[in-house]
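K.L.:
Top line first, the protein sequences correspond to chains A and B.
To convert, note that position 177 of the first sequence is 177 in the UniProt record's numbering; the numbers rise steadily by one, no gaps.
To convert, note that position 12 of the second sequence is 12 in the UniProt record's numbering; the numbers rise steadily by one, no gaps.
Please keep in mind that the hints were generated in silico from the structure rather than gathered at the bench.
For glycine and all other residues, C-beta sits at the position ideal for the given N, C-alpha and C.
Keep in mind that the hints are not guaranteed to be accurate.
What the hints assert, rightly or not - Here are some of the chain B residues that sit facing chain A, going by a computed Cβ distance under 10 Å: (1) Trp18; (2) Val31; (3) Glu44; (4) Gln66; (5) Gly77; (6) Leu78; (7) Ala79; (8) Val97; (9) Gly105; (10) Thr137; (11) Lys153; (12) Ser156.
Stated by the list, open to error - Interface residues of chain A toward chain B, partial, derived using beta-carbon atoms under 8 Å: (13) Met32; (14) Val33; (15) Arg41; (16) Gln98; (17) Ile99; (18) Val138; (19) Ile141; (20) Thr180; (21) Ala183; (22) Ile186.
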Amino acid sequence: MDFLRPTTWAEALAAKADRPEAVPIQGGTDVMVELNFDLHRPAALLDLNQVAELAEWTSEEDGRLRVGAGVPYVRLIAELGNRLPGLAQAARTVGSPQIRNRGTVGGNLGAASPAGDSHPPLLAGDAVIEVESAARGVRMIPAAEFYVGVKRSALEPDELIRAFRMSPATGPQYFSKVGTRNAMVIAVCSFAIALHPAERRVGTGIGSAAPTPRRALAAEEFLAAELDWDARLDPAVLARFGELAAEAASPIDDVRGTADYRRHAIGVMARRTLTWAWNEFRSGHFERRAG
Amino acid sequence: MRVTFTVNGRRETADDVWEGESLLYVLRERVGLPGSKNACEQGECGSCTVYLDGTPVCACLVAAGQVEGREVRTVEGLADGDRLDPVQEAFVECGAVQCGFCTPGLVVQAHDLIERVAEPSDAEIREALAGNLCRCTGYEKILDAVRLAAARKAAS
Ligand SMILES: Cc1cc2nc3c(=O)[nH]c(=O)nc-3n(C[C@H](O)[C@H](O)[C@H](O)COP(=O)(O)OP(=O)(O)OC[C@H]3O[C@@H](n4cnc5c(N)ncnc54)[C@H](O)[C@@H]3O)c2cc1C
Ligand code: FES
Ligand code: FES
């Protein structure tokens, strides 16, 4: 096995072009488990820890945030928790403090597990994934197109994930996750919501209840048509939203839960997160907090 | 491959390291520091917790090559000669150690908590230790020990 240690982004891209079979390693919280258990023995590891660009985030001219693939959860929570509240809530549920000190959104995207906790808030918040190869340059992939199958993403073998881009929240965002306890659990299923008040639109993301993370599109369209943004939440609208969210899931039975349970829980979490977000929106608390 | 890094203030060089090897293996099997324990090798138990450049991590999930040139501090590096670190003392006094397998990781993790948070609440202690499993104590004595260490640190 080779251990490749590029020190710049350009070197990393060159190394990946030269050795497309090399497995990138950032926080290692997925990669090392596979190595320790000998589930996978790659020809080479491509260590990205020396690539300083990946550990930075910036505010772009278009107002969006560009967050490097190597920014660990602990920093995302501390430094971007106000601007990306849905993603930060999800990040707080990842593993344990030790895991959050090392694990990254870039690694979560690289693994592309349907149960990855970053994905629902990335979907609900219209995130775009920035990937790059030495040969073809940068590609901007909307999160909804990034996940293509169970643990499969749109990333090509010669590409690396550079960053994700996402607008700072313009309305309340919430994340909810079902698990057997509050720490150290892979989601049985999860749900994220983001209100986009300026566009009178609500974004959603479903986790661990389909082959890939996905949006609940019919539920989003229903709210775009039926939600009265100047009124209290209509219980009939709320109930229908829950049903449509549950219908958007296509879960399986596995050791963590049954398909029926997951579908039911998605409906419950959809109603809950919308209620939380709506209460915060109506109270004016979000505007005050966002300053 | 060769890996050179600083551990507990000393420069160490490990040779013939397998590229897929973990920092935990290097510490225990190559540089003679068996304090960090290997219980799960999948990040679940926290018994391998060490500081990497000042941040607690699971040593089993860090690739050996990733620590090249970096600084590691293990449980062996907490005591000052024969004088135990206050967290270690508190663990002994409170009876927070039974078989001791989880202790090194818990001590490092608790050490980090009280470095960062002067007077941690119970909720903060539980949250900080959520990734450290103990199969013996039932955790109550561990919580006592962390509270004691934090109180002593705040008073000193
Ligand atoms: C004990 C434990 C608990 C966990 N709990 C959770 C949880 O609650 N929720 C959750 O979602 N996950 C959880 N995980 C999984 C893991 O921590 C996350 O998926 C994390 O986000 C991975 O980030 P990383 O930087 O450690 O990735 P790594 O392990 O370094 O990499 C993961 C994958 O991404 C690829 N990759 C990394 N960086 C790039 C890049 N820049 N470009 C292209 N590919 C890249 C790697 O090749 C690999 O395939 C847990 C893991 C452990 C060990
Ligand atoms: S041995 Fe590393 S967390 Fe269990
Ligand atoms: S004292 Fe035995 S595992 Fe904690």
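K.L.:
Take the hints in turn and mark each one as holding or not.
P.N.:
Now for the hints, and whether the structure bears them out:
1. Trp18: holds (7 Å)
2. Val31: Hint on Val31 (chain B): violated, closest Cβ of chain A at ~18 Å, above 10 Å.
3. Glu44: Hint holds; Glu44 (chain B) Cβ to chain A Cβ min 7 Å, cut 10 Å.
4. Gln66: Holds, because the Cβ-Cβ distance from Gln66 (chain B) to chain A comes to roughly 5 Å (cut-off 10 Å).
5. Gly77: Constraint on Gly77 (chain B) not satisfied, violated at 17 Å.
6. Leu78: The hint is violated - Leu78 (chain B) has no Cβ within 10 Å of chain A, the shortest such distance being about 17 Å.
7. Ala79: violated (22 Å)
8. Val97: With Cβ-Cβ at 20 Å, over 10 Å, it is violated.
9. Gly105: holds (9 Å)
10. Thr137: Thr137 (chain B) check fails; min Cβ-Cβ to chain A is 17 Å, beyond 10 Å.
11. Lys153: violated (19 Å)
12. Ser156: violated (25 Å)
13. Met32: holds (4 Å)
14. Val33: With Cβ-Cβ at 5 Å, under 8 Å, it holds.
15. Arg41: holds (7 Å)
16. Gln98: holds (5 Å)
17. Ile99: holds (6 Å)
18. Val138: Not OK, violated: Val138 (chain A) not within 8 Å of chain B, min 26 Å.
19. Ile141: The hint is violated - Ile141 (chain A) has no Cβ within 8 Å of chain B, the shortest such distance being about 27 Å.
20. Thr180: violated (13 Å)
21. Ala183: holds (3 Å)
22. Ile186: Given a least distance of 11 Å, the restraint on Ile186 (chain A) is violated.
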